[in-house]
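Chemist: With the sequences and hints as input, model every part of the structure.
Residue numbering for the sequence shown follows this note's numbering, starting at 1 and increasing by one per position.
For the record, the hints were derived by calculation from the structure and aren't laboratory data. Hints are supplied without guarantee of correctness; some may be wrong.
Unchecked claim - Here are the in silico distance ranges between beta carbons for each label pair:
id	residue 1	residue 2	range
1	Pro-41	Gly-19	29 to 35 Å
2	Arg-52	Gly-19	16 to 22 Å
3	Arg-36	Glu-68	17 to 23 Å
4	Gly-19	Glu-80	32 to 38 Å
Fair warning: this is a prediction, and the values are worked out from it, not measured in the lab. Glycine residues also receive a C-beta, built at the ideal position from the N, C-alpha and C atoms.
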Amino acid sequence: MAPSFEGLAGAAALSGGAGRAESTTLLLGAADAARRSVGAPLPPAERGDVDRIMAVTRAVLGEAAHAEAFLRGTRLTPQEAAHLARTSLS
1 MAPSFEGLAG
11 AAALSGGAGR
21 AESTTLLLGA
31 ADAARRSVGA
41 PLPPAERGDV
51 DRIMAVTRAV
61 LGEAAHAEAF
71 LRGTRLTPQE
81 AAHLARTSLS
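Modeler: As structure tokens, then:
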């Protein structure tokens, strides 16, 4: 599930620019929580992509808003994150 959220976050970032920075950050938070819940760290091969997306969204939102959105994302249920992903890309 986490790779799906990370991939969708990347797609949202690419397709929506600044308008999707918050939803992208929420999805990355949800992916982080999903990985932690099963003890599956982010693979090194994916780290660069996630770091780049995080840097862009952090620059758009600012440090405080980015941290808050990421934290809110970690609290989403998988169903809420999936709904967000669907609506973010439509």
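Chemist: Go through the numbered hints given earlier and state which of them the structure violates, listing their numbers in rising order.
Modeler: 4
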